[in-house]
Amino acid sequence: MNAPGVLLRGGRVLDPRHGLDAVRDVLLQGEVVAKVSDRPLAADGARVVDVSGLWVCPGFVDLHTHLREPGEEGKETILTGTRAAVAGGFTAVVAMPNTRPPNDSTLVTRLIQERAAAAHLARVWPAGAISKGLLGEEMAELGDLAEAGCVCFTDDGRPVMNAGLMRRVLVYARALGRPVMVHEEDLTLSQGGALTEGLQATRLGLLPIPRSAEVAMVARDLVLLAETGGHLHLAHVSCAETVRLVREAKARGLHVSAEAAPHHFTLTDAAAADWNTHAKMNPPLRGPEDVAAVRQGLADGTVDAVATDHAPHGVLDKEVPFAEAANGVVGLETALPLTLALVREGLLTPSRAVELLSAAPASTFRLPGGHLAPGAVADVTVVDPDAAWTVDPAHFQSRSRNTPYAGMRMLGRVVHTWVGGRAVWFEGAPAEGAR
Amino acid sequence: MKPRPPTHLLTTEGMTRAQAEAIFARARVHARTLESGRPVRLLEGKVVANLFFEASTRTRLSFERAAKALGADVLNFTAQSSSVAKGETLVDTARNVEALGAVALVVRHPASGAASLVARCVRCAVINAGDGMHAHPSQALLDAFTLHERWGSLEGRTVVIVGDVLHSRVARSNLYCLTALGARVVVAGPATLLPTGLEDLGARRAASLDAALEEADAVMMLRVQGERQSAGYVPSVREYTRLWGLSAARAARLRPGAVVMHPGPVNRGVELAPEVADGPANVILAQVAHGVAVRMAILEACA
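First to last, the sequence lines map onto chains H and W.
Residue numbers 1 to 435, in the working numbering, belong to the letters of the first sequence in order.
Residue numbers 1 to 303, in the working numbering, belong to the letters of the second sequence in order.
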């Protein structure tokens with residue numbers, strides 16, 4: 001290494017993969033972690049950053065991000081989306097394929113990779129489509145997509161209603177060594193629905209989405225997985241019954257993983273009580289018992305990762321009657337404090353919270369990063385767990401503002417972010433040369 | 001002088017007995033004035049706009065009659081919900097009509113929450129004339145007024161709402177309004193058309209229609225839409241009529257003095273047998289007449 005590097009001085013290093021939670025100096029050189037030391041390291045020309053009192057974490061990895069480019073650049077671009085990512089401490093994001101055109105061909109995969117390289121902020125791992133045009137009919141060219149760099153296959157936003165196709169995709173993707181990520185929703189059960197079945201939907205006069213719309217598809221796909229082998233990854237689990245099924249399936253040894261979005265472990269359908277379209281998502285916000293089960297799943301390992309389902313939408317997509325409003329919320333810039341809230345409640349240890357944001361998602365999709373041992377990629381997120389701030393969507397790096405957390409008080413903020421040893425977010429603002 | 005903040009009427013949820021009775025008191029005055037033919041100038045020189053994004057003749061005419069009877073000028077905007085196809089959003093349309101000088105917007109829209117959305121985006125008063133499956137407060141108030149005028153009080157009375165409660169804004173608004181006035185509300189209908197959580201909103205589910213009719217002081221028959229059959233909620237309109245329609249035989253078993261109501265338009269021969277729709281127990285045309293007086297009271301309170 002000829003680069004002098006960066007020396008992170010005196011931070012609390014949380015590296016869950018190696019069971020480390022202690023004060024350490026960390027030296028980044030070139031694109032990798034060079035040293036992690038329990039004794040003060042000499043600067044030796046490295047830029048010294050005092051991180052005492054802060055947490056030094058492996059860079060966060062989001063398995064579920066909608067960057068909207070190509071096709072809906074008014075909502076987000078790869079540049080603005082990765083700006084939001086590094087502001088929220090995410091050094092890598094998995095880009096969902098429901099762009100326009102969708103990422104069902106290597107041409108689109110390459111375009112995403114090129115734009116991500118030009119943005120030069122967070123790592124962007126493209127997710128390839130399961131089916132051509134996301135139509136759920138014919139299998140996309142999964143082999144080509146895998147070779148081009150797609151890290152998983154998903155029709156996210158849409159379920160794979162055709163069980164025969166789903167079974168063949170599990171078999172085919174298994175041979176390619178890639179997970180199949182699914183948005184579980186039986187459309188015949190959710191049809192026309194806008195809010196989870198219950199008192200709020202009845203009050204507001206919205207057609208209900210029963211929990212079975214998610215759970216029945218989870219059950220179906222676990223049955224298929226038991227026959228086919230392969231790796232099934234469940235996007236944004238929202239129901240208590242889903243968590244129970246995943247727990248059982250894992251106990252039986254099935255290779256299933258699951259992610260949960262912060263809104264599904266912090267909000268219930270009560271958030272929609274005043275027609276707040278920022279509380280409209282798919283799957284919908286559920287009841288308190290579902291929130292409790294998802295939280296329990298995060299704590300006991302049934303749920304593998306926190307994933308944001310960052311879904312940017314413009315004002316016009318949300319300033320409409322509830323049932324007509326677009327689904328989804330931006331999430332990259334609020335995921336950390338919402339996860340840390342579970343630490344404050346005593347549900348997660350600090351180490352588990354960091355694991356859910358970094359080590360676990362990285363290993364679930366076999367991505368680089370997620371740990372801080374010498375030789376690891378120098379993707380590092382430095383967090384002030386006690387910094388208090390109020391969510392003001394106008395200050396988001398994301399191009400979109402659709403958050404249900406506007407005006408809420410948060411505890412925990414990202415101070416610095418390095419990707420491949422390069423500072424991209426520094427002292428709570430875009431780093432020099434990364435604007 | 002600071003203009004007072006607009007008073008909207010978006011729902012009957014949370015409405016108090018005193019608020020409902022205040023509207024009834026004014027409606028009673030307006031009903032007498034309507035009969036006398038004396039002109040009223042309460043809204044003279046003011047503009048009331050009907051914004052109707054969903055086909056409706058009865059409600060629009062009723063509001064128009066009410067506004068004109070108060071001396072207001074009336075603007076009518078009528079469009080199918082696909083006026084969105086022209087590119088103008090609901091909010092834009094509402095702001096434009098407000099800019100024409102309207103002091104009150106009467107909004108009918110096929111999507112739940114539409115009137116609340118408009119109310120957040122304009123400065124004038126918004127009166128919900130029916131939003132999707134959510135609310136139809138003026139209908140509920142006129143229904144309650146009709147019963148109130150007949151009985152003197154709704155306290156302790158039992159009103160049975162029959163039919164497609166799931167999709168019914170009339171049922172929801174009546175449930176809140178009637179319970180606020182001290183009535184008991186019982187719902188009856190195909191289980192697929194009774195949404196979860198009704199008990200938490202104050203309704204009781206009937207064991208059967210016939211059991212419910214025996215205790216009814218009033219029966220409110222909801223309109224059933226043919227598309228409920230194709231959407232799979234009921235096997236056929238024929239079976240619906242047999243199980244949940246108010247036939248002459250069922251009507252004959254009603255308690256003496258019990259009344260039959262319908263928000264209109266009636267599907268004759270479906271939820272109401274023709275002889276019942278025209279029978280002595282029905283107060284359907286009284287509902288329509290009361291509608292104008294109640295809507296005058298609403299416009300007077302809001303505009």
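Wrong hints could be hidden among the right ones.
Claimed, not checked - Just so you have them, the derived chain W footprint on chain H, three or more residues with Cβ under 8 Å: (1) 48–56; (2) 320–329.
Claimed, not checked - Partner residues are not named here, just some residues of chain W that face chain H (Cβ under 10 Å, in silico): (3) T89; (4) L90; (5) S112; (6) H167; (7) S168; (8) R204; (9) A281; (10) L285.
Claimed, not checked - So these bits of chain W aren't anywhere near chain H, every CB distance computed over 12 Å: (11) K46; (12) M133; (13) A171; (14) S173; (15) E199; (16) G269.
Quick caveat, the hints were computed from the structure, so don't treat them as lab data.
For each residue, glycine too, the CB sits at the ideal point set by N, CA and C.
message: Hint by hint, where does the structure go against what was stated? Just the numbers, ascending.
response: 1, 8, 9, 10, 12, 13, 14, 15
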